[in-house]
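We have chain A; now place chains B and C onto it with these hints.
Now for the letters of each chain:
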Amino acid sequence: MTNHIEKALTAKGINLPTPAAPVASYVPAVEVNGLIHISGQVSMNDGQLITGRLGDNMSLEEGQQAAKACALMVAAQIMKAAGSLDRVDRIVKLGVFVNSTADYTDHPKVANGCSDMMEVIFGAAGQHARSAVGVASLPLGVAVEVDAIIALKPE
Amino acid sequence: MTNHIEKALTAKGINLPTPAAPVASYVPAVEVNGLIHISGQVSMNDGQLITGRLGDNMSLEEGQQAAKACALMVAAQIMKAAGSLDRVDRIVKLGVFVNSTADYTDHPKVANGCSDMMEVIFGAAGQHARSAVGVASLPLGVAVEVDAIIALKPE
Amino acid sequence: MTNHIEKALTAKGINLPTPAAPVASYVPAVEVNGLIHISGQVSMNDGQLITGRLGDNMSLEEGQQAAKACALMVAAQIMKAAGSLDRVDRIVKLGVFVNSTADYTDHPKVANGCSDMMEVIFGAAGQHARSAVGVASLPLGVAVEVDAIIALKPE
Chain A
1 MTNHIEKALT AKGINLPTPA APVASYVPAV EVNGLIHISG QVSMNDGQLI TGRLGDNMSL
61 EEGQQAAKAC ALMVAAQIMK AAGSLDRVDR IVKLGVFVNS TADYTDHPKV ANGCSDMMEV
121 IFGAAGQHAR SAVGVASLPL GVAVEVDAII ALKPE
Chain B
1 MTNHIEKALT AKGINLPTPA APVASYVPAV EVNGLIHISG QVSMNDGQLI TGRLGDNMSL
61 EEGQQAAKAC ALMVAAQIMK AAGSLDRVDR IVKLGVFVNS TADYTDHPKV ANGCSDMMEV
121 IFGAAGQHAR SAVGVASLPL GVAVEVDAII ALKPE
Chain C
1 MTNHIEKALT AKGINLPTPA APVASYVPAV EVNGLIHISG QVSMNDGQLI TGRLGDNMSL
61 EEGQQAAKAC ALMVAAQIMK AAGSLDRVDR IVKLGVFVNS TADYTDHPKV ANGCSDMMEV
121 IFGAAGQHAR SAVGVASLPL GVAVEVDAII ALKPE
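Which chain is which? The protein sequence lines are A, B and C, in order. Quick note on numbering: the first sequence equals residues 1 to 155 in our numbering. Quick note on numbering: the second sequence equals residues 1 to 155 in our numbering. Quick note on numbering: the third sequence equals residues 1 to 155 in our numbering.
Don't read these hints as lab results, they were simulated from the structure. Treat the hints with care, since some could be wrong.
Claimed, not checked - Distance condition first, Cα-Cα at most 30 angstroms in a straight line; then the derived DSS-like pairs of lysine-lysine:
| # | chain 1 | residue 1 | chain 2 | residue 2 |
| --- | --- | --- | --- | --- |
| 1 | C | K80 | C | K109 |
| 2 | B | K80 | A | K109 |
| 3 | A | K12 | A | K80 |
| 4 | A | K153 | A | K80 |
| 5 | A | K153 | A | K7 |
| 6 | C | K153 | C | K7 |
| 7 | C | K80 | B | K109 |
| 8 | C | K109 | A | K80 |
| 9 | A | K153 | B | K80 |
| 10 | C | K80 | B | K153 |
| 11 | A | K80 | C | K80 |
| 12 | B | K12 | B | K109 |
| 13 | C | K7 | C | K80 |
| 14 | B | K109 | A | K153 |
| 15 | C | K153 | A | K153 |
| 16 | B | K12 | B | K153 |
| 17 | C | K109 | B | K153 |
| 18 | A | K80 | A | K7 |
Looking at chain A on its own, in the form it has when it is part of the complex (with noise of 0.2 angstroms):
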């Protein structure tokens, strides 16, 4: 592998964080017919839980940066399950949960922040289906939570 991928994120300044382990009894990865599954990766930074709510104790600025460090940790674990970014032939779907008050309303723009760090990481291979929503709590408080499901390249 060549991991071209990598190499330009590097080029860019943009490193790629530890893949986080599970927080409880399941795997980060399931792949399947050509198709990885990733678990809800959870806003964190430097191994730092990004805590908060929209419309609460956090600005859209901030949940933009939690929703790309989501990103991050979606592009991390496609890493560490195939390998190279390298393999991925598309990222199919996105399930971004914000963490949100009744009353908030900025969802997408909030999702915004994962959706566009993956078209800088994989280009138009990174153009995806999505769903944005407002959830009432999230896992250890965080502000964001991102699942994924990626086609890869046959290998």
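Okay, now just chains B and C, sitting in the frame of chain A:
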């Protein structure tokens, strides 16, 4: 393509809406391995968002109308992505997110507004697996959001 | 079919529930391309709904029991759809929705009630990707809802 289903819908007086452009950095549909993943479609009618919260300022019937509007929007996205509704082999899975208060319990009845319309449109091929949950808030304050996985017939 | 897994469960004193009929206009399971998509299964035991909200009127242990009940219901639906649990190649993905207050943070521990039971039932094939989120409310007031994607062995 002969567009039998579209003609049958028109005969029933059902017109599909213009498929909405994503409100953010993603695409409405991604096809891989014969499956289309449709992005979360928010409730809108005639280009107007259907906003509200079940258990608060919206009746069950209004919630069902919002869910039905999501079904039509999903169908419009399928039409755009696949060229014809006749290509649908099966509606595989719907994820129905209902904007609700903490004490709301009738999510299945709300979601039926979407599920029933899928069967009106696609007949037996419209019978799907489904999850329906109550979320704290949704993009732009809409009442219902629905994402979907659709199996296509081979071209 | 020899039903090895069912016999092993019975030997352990674990009996699968009667698979619940959908509470609405959809089907419990759809199989396509060797994957079964299982509709959201709500927490119930002996035909009684397990209702409640984590962080409010339910302990962690009660939440885990609710999540375990969802796992058994998912297995019952697999059994009904596939004819035997022995046909399971892999539990691919679980979506765990926990009825929770805004300040609840232990969703992963609750969801483990489901994940751990999957490994009891299916062994290594039960190791799955997972998302776990806290939702504002769930159908009929149940504590936990779980949907699933299952890969089958070729017949």
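Hint check:
1. K80(C) to K109(C): holds, 29 angstroms
2. K80(B) to K109(A): holds, 25 angstroms
3. K12(A) to K80(A): holds, 21 angstroms
4. K153(A) to K80(A): holds, 16 angstroms
5. K153(A) to K7(A): Distance of about 19 angstroms is within 30 angstroms: holds.
6. K153(C) to K7(C): Roughly 19 angstroms separates the two Cα atoms, so the pair holds.
7. K80(C) to K109(B): Answer holds: K80(C) to K109(B) is near 25 angstroms, not above 30 angstroms.
8. K109(C) to K80(A): holds, 25 angstroms
9. K153(A) to K80(B): holds, 26 angstroms
10. K80(C) to K153(B): holds, 26 angstroms
11. K80(A) to K80(C): violated, 35 angstroms
12. K12(B) to K109(B): Given pair K12(B), K109(B) holds - Cα atoms ~24 angstroms apart, limit 30 angstroms.
13. K7(C) to K80(C): holds, 16 angstroms
14. K109(B) to K153(A): violated, 41 angstroms
15. K153(C) to K153(A): At roughly 22 angstroms apart (the allowed maximum being 30 angstroms), K153(A) and K153(C) satisfy the hint.
16. K12(B) to K153(B): holds, 24 angstroms
17. K109(C) to K153(B): Roughly 41 angstroms separates the two Cα atoms, so the pair is violated.
18. K80(A) to K7(A): holds, 16 angstroms
In this structure, the earlier hints numbered 11, 14 and 17 are contradicted, and the remaining ones agree with it.
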